[in-house]
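Visitor: Could you build the full structure based on these sequences and the hints that come with them?
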Amino acid sequence: MSNLTKWLNLFPGPAAVVADDGRILAASKEFCKTYIGNEWADPTAYDLSGLPLLVSGEGERILDFLEKREAGRGSMYVKAVKDSGVVTHPLWAKRVKVGGRKAYIIYLNTTPTPAGLEEGGDELRTYYRIAESSSVVGILYLENGRVTFANPYVETHMGYSAEELQGLSPLILFPPEERVKVEAILKYIEKEEMSASQILKYKKKSGGIGWATFSFSTWREEDKVIGAIIFFDISEKMELRDRLEIFKNKLQATISTMPDIFLEVSPEGEVVDISAPLDDPLYALKEKDSEQRASSLPPDFFDFLQKAVEEVQTGKEESFIYRFKFKGIWRYYEAKGAPAGKNVIFIVRNITDRIVMKNVLQSVNRVSKLLLKAEDEKDLCQSVVKSLSDGDIIRCLWIGVKERGEWKLMAAHPSDVLNDLFGDVWEKGLEHICPHINRVLDARKTVVVNRLMPEPCPHFQRFWNYGKGCELLLPMLHSGEDVGLLALFMEGVDEPGGEEIGILQAMANDLAFAIRDIEDQRRLKIAYRQLKENLVRFEKIADKIRNPLMVAEGLNYLFENKKIYPEDYHRQIKEQLKRIEGFLDRLREEEERSYIIKEDLERE
Amino acid sequence: MEGDRQNNEASILLVDDQPEITEIFKTILEDFGFRVFLAGDGYEAIEAYFRHKPDLVLMDLSLISVDGDVACEKILERDPNARIILLTALKGDKVKRALKAGAIDVITKPISAVELVKRVNFHLKG
Chain L
1 MSNLTKWLNL
11 FPGPAAVVAD
21 DGRILAASKE
31 FCKTYIGNEW
41 ADPTAYDLSG
51 LPLLVSGEGE
61 RILDFLEKRE
71 AGRGSMYVKA
81 VKDSGVVTHP
91 LWAKRVKVGG
101 RKAYIIYLNT
111 TPTPAGLEEG
121 GDELRTYYRI
131 AESSSVVGIL
141 YLENGRVTFA
151 NPYVETHMGY
161 SAEELQGLSP
171 LILFPPEERV
181 KVEAILKYIE
191 KEEMSASQIL
201 KYKKKSGGIG
211 WATFSFSTWR
221 EEDKVIGAII
231 FFDISEKMEL
241 RDRLEIFKNK
251 LQATISTMPD
261 IFLEVSPEGE
271 VVDISAPLDD
281 PLYALKEKDS
291 EQRASSLPPD
301 FFDFLQKAVE
311 EVQTGKEESF
321 IYRFKFKGIW
331 RYYEAKGAPA
341 GKNVIFIVRN
351 ITDRIVMKNV
361 LQSVNRVSKL
371 LLKAEDEKDL
381 CQSVVKSLSD
391 GDIIRCLWIG
401 VKERGEWKLM
411 AAHPSDVLND
421 LFGDVWEKGL
431 EHICPHINRV
441 LDARKTVVVN
451 RLMPEPCPHF
461 QRFWNYGKGC
471 ELLLPMLHSG
481 EDVGLLALFM
491 EGVDEPGGEE
501 IGILQAMAND
511 LAFAIRDIED
521 QRRLKIAYRQ
531 LKENLVRFEK
541 IADKIRNPLM
551 VAEGLNYLFE
561 NKKIYPEDYH
571 RQIKEQLKRI
581 EGFLDRLREE
591 EERSYIIKED
601 LERE
Chain A
1001 MEGDRQNNEA
1011 SILLVDDQPE
1021 ITEIFKTILE
1031 DFGFRVFLAG
1041 DGYEAIEAYF
1051 RHKPDLVLMD
1061 LSLISVDGDV
1071 ACEKILERDP
1081 NARIILLTAL
1091 KGDKVKRALK
1101 AGAIDVITKP
1111 ISAVELVKRV
1121 NFHLKG
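In the order they appear, the protein sequences are chains L and A.
Numbering of the first sequence is given in the numbering used here, commencing with residue 1 and proceeding in unit increments.
Numbering of the second sequence is given in the numbering used here, commencing with residue 1001 and proceeding in unit increments.
Because the hints were derived from the structure by calculation, they are not lab data.
Cβ coordinates follow ideal geometry from the N, Cα and C atoms, glycine included.
Certain hints may be false.
[Said to hold, decoys possible] Derived, one-sided and incomplete: chain L residues facing chain A with beta-carbon distance under 10 Å:
no., residue
1, K544
2, V551
3, A552
4, Y557
5, L558
6, E575
7, Q576
8, L577
[Said to hold, decoys possible] No farther apart than 30 Å at their CA atoms in a straight line, the calculated lysine-lysine pairs in the DSBU-like style are these:
no., chain 1, residue 1, chain 2, residue 2
9, L, K578, A, K1094
10, A, K1026, L, K578
11, L, K562, A, K1118
12, L, K307, L, K378
13, A, K1026, L, K562
14, A, K1094, L, K563
15, L, K525, A, K1096
16, A, K1096, L, K540
17, L, K563, A, K1125
18, A, K1100, L, K544
Guide: Pasting the structure below:
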């Protein structure tokens, strides 16, 4: 319903807006009922000359009146058919512009003319006169923006008597937050323009606040512009609305702390009653058609229910976990059952998010262990991808590493390998498969891409059709350096919580550390192996050098006990000294080798 | 020392890949009254041990082909009562392995002839 029609409905009698060619642009229900015969009829399908319940020729007469006379200054009488007879309704009209075109508001008074009112008077004025003593609607007249009249309804609802309001601005009847709107309306009245009706708060004399629907009119009387405010109190309705809002909020708060689903199941495994949210797969249990119900859930679900009912009833078990695939994604439910007569009532909680994150965090733990054992960057990245890919949550991922300023794809989920992700990256660069790469590195923190963001990674597109999911782009940072980027698509979760993202980001940074550390470790390991080999050589030389000394000890004993000729003793001692010199030369070589290794290590 | 020289009737297997050492110390040990058998590597040592059943083995660890620690293990596996003294300058894994197998002492080269005989006698009396 248009605002114009709503406004026309506020008129106490039939009212319409008519184009200058007689077409009806909008009309109140009362107008449709009185002149078309059906309050639900579409008035725009009619023009004045074709209204079924107007006496023939009256439509043309109205048009003639609108064209020839200055609308708003005078009135005419219109003949209409009512209860097989003819009735006469005074018509008042005012010229307006609708969508830039000339048009007229017409209002007809269908109430019997009270005694004392002269025929041919201003009919709107007539209407207001009737309402002046009304206790159904409130009326305020204004002249030059000041109140000149208030009917008893005003005092009943606002607490001010007509005398008290006399000469005051109507602004005092409104709280500060409504004053801008009211001032705008007063300007419309001053310019004799129309203003749509509005729901506004008003301020009572007692200080209390009420709500009312206000509509406004003007007419000229003895060259003065008379403004009229007509209002209808709707405080009770608004209070009810507020109470409902509070109740709704309380209910929502209560529901959010309650388990998701209540499920009552018969001993045969039939669902007797269920309360499930619309977006939950178990909502299918609300289907009355058992075939449709069965087709939405896995075949073993009802067997599971029957068995669970039996176990609860026999006291064997009261808590169950059930999982099934829905739209390609595993859903997990935790159900706790309690007997209710022959049936069992289960409190079921969808724990998919909890399980998903648990699985992901387990993968992260596995990755942490891999980091400690890693010996090669590529193997490490492949092991990390493999570890994170185990399970149904992370459907897709890849790791890119920056080497000397160039991006290199180190590892990818098996499905991406099959989809020739490596070929794509080789051909078009890593930026092609990840449009957000620079944004992620500038942000230096995890970026979550969901379906609301433009440009999700193109090769993740295929997963968006499965329902819940998000892309996580994790920069791999180490000592202020961008080592790489880990991108993954997580299914079943719209967006992980801050804590989970923190854990995943820490894992990405650990991976960056491990990659850099592997290189350092590799150098250290080579040096360590060289040093170890040197040490063994040293030890062997040291062992060898002791042999000539041992021989010398033996020769000394033989010489002292005269068991060897002196010349043989001297010759053999000299031989042993030569051997010792040879070993010393070899020791010097080893010393130099160790020195070079030490220098290398210090340089690194 | 004179007493040592007169009373020794024990037999010793001396294992070293340095012929000068085995020859010189054979002379010295025989001078002290010991019967001495020689071996130049691990294989020979194992074979000589089970052929002569000496009262004590003086075993170098760095040998050609089978090293002293392996020979120790093989001998002690079959004869846990074998008394083997390691004669070496090494300090690493080979020494640990031989001691674990059951070697009773380690003598660090070089050692004087008199000192060596004292250590040998100590173990023979024990």
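Visitor: Does each hint hold? Answer for all of them.
Guide: To see whether the hints hold, each was checked on the structure:
no., hint, result
1, K544, "holds (8 Å)"
2, V551, "holds (5 Å)"
3, A552, "holds (7 Å)"
4, Y557, "holds (4 Å)"
5, L558, "holds (7 Å)"
6, E575, "holds (8 Å)"
7, Q576, "holds (8 Å)"
8, L577, "violated (13 Å)"
9, L:K578 with A:K1094, "holds (28 Å)"
10, A:K1026 with L:K578, "holds (23 Å)"
11, L:K562 with A:K1118, "holds (21 Å)"
12, L:K307 with L:K378, "violated (49 Å)"
13, A:K1026 with L:K562, "holds (16 Å)"
14, A:K1094 with L:K563, "violated (35 Å)"
15, L:K525 with A:K1096, "holds (25 Å)"
16, A:K1096 with L:K540, "holds (16 Å)"
17, L:K563 with A:K1125, "holds (28 Å)"
18, A:K1100 with L:K544, "holds (24 Å)"
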